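Based on the hints, put chain B in the right spot on chain A.
First to last, the protein sequences are chains A and B. For reference, each letter of the first sequence is one residue, going 1064 to 1176 in the numbering used here. For reference, each letter of the second sequence is one residue, going 93 to 208 in the numbering used here.
Think of the hints as simulated: they come from the structure by calculation, not from any bench. Computed from a predicted model, the values in this text were never measured in an experiment. Glycine is no exception: its CB is placed at the ideal position from the N, C-alpha and C atoms. Please note that a few of the clues may not be correct.
[As the list claims (entries may be wrong)] Distance windows between CB atoms, simulated:
#, chain 1, residue 1, chain 2, residue 2, range
1, B, Ser110, A, Arg1076, 43 to 51 Å
2, A, Ser1074, B, Thr178, 21 to 29 Å
3, B, Leu161, A, Gly1159, 23 to 31 Å
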Amino acid sequence: GEDVEQSLFLSVREGDSSVINCTYTDSSSTYLYWYKQEPGAGLQLLTYIFSNMDMKQDQRLTVLLNKKDKHLSLRIADTQTGDSAIYFCAESPNSGGYQKVTFGTGTKLQVIP
Amino acid sequence: NAGVTQTPKFQVLKTGQSMTLQCAQDMNHNSMYWYRQDPGMGLRLIYYSASEGTTDKGEVPNGYNVSRLNKREFSLRLESAAPSQTSVYFCASKLSGAGGLTDTQYFGPGTRLTVL
Chain A
1064 GEDVEQSLFL
1074 SVREGDSSVI
1084 NCTYTDSSST
1094 YLYWYKQEPG
1104 AGLQLLTYIF
1114 SNMDMKQDQR
1124 LTVLLNKKDK
1134 HLSLRIADTQ
1144 TGDSAIYFCA
1154 ESPNSGGYQK
1164 VTFGTGTKLQ
1174 VIP
Chain B
93 NAGVTQTPKF
103 QVLKTGQSMT
113 LQCAQDMNHN
123 SMYWYRQDPG
133 MGLRLIYYSA
143 SEGTTDKGEV
153 PNGYNVSRLN
163 KREFSLRLES
173 AAPSQTSVYF
183 CASKLSGAGG
193 LTDTQYFGPG
203 TRLTVL
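The following block holds chain A by itself, in its conformation from the complex:
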C-alpha cells in the first residue's frame, strides 16, 4: 500500500531556513500536500503541488518535488517562532470528488529564539 515517511523532529534557530523532507512510495500520487498542525489544533493546509511540477513557491514557503526519487521537501525561509508546529506531508491520487489521502508521520519543527 501507500506509504509516506518523514523524520520526526527538526530544530532550527530563528531566522534560519528550515527544510522538512518527505518520501512517498505511491507512483500514482498526483497531489502532494503540506499541512501544518499547531498545538491543540487540527491540520491546516499550507500548500500543495501537482506531480507534473518541480517547484512551487509561496512567500516564505518553497516546495520541491523530485518525482523520480519520490522525494518532497518544504523549505521555510527566515523561520519564525510562530512556525513551530508539526508539519505533515500527504499524498493523494486525486483532488476532486472523495479523496483518499495518505499522511506521513509528521515532523515536529522546533524554532529556537
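Showing chain B alone in chain A's frame:
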C-alpha cells in the same frame, strides 16, 4: 461560519464504556472523514462518508461505528472502549467537487480521548 466543529474536546473513559464523538460542518461539504492521530504514526483513516447516505471503512475501522446523520453531521461511536483507542480523533470534511486548492479537507480541532 464555524467550519468543522467537534464535541467533546476532551474525554476520559473506563475500559468497556461507550461514547459518541460528534462532528458537524457548515460548509455544505459532501464528504466527511474520521481520523485518529497517534504519536509517530501520523493520521490514520477510521471511516469516511463520501456523500450523504454512504459510509465506508478506512484503514483502522475495528472497534468503531459511524453514522452520517445528515449532510452536516458525522458521528463516531465507540461501543466498548479499550485502552488502545486512547488517541486524538479528528473529523474532516471536503466539498468533493471538481478539485482545486479550495476543494481540500478541512479539519476540526480534535477530541482528545483517554481510555483507562
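List of violated hint numbers, smallest to largest: Violated: none.
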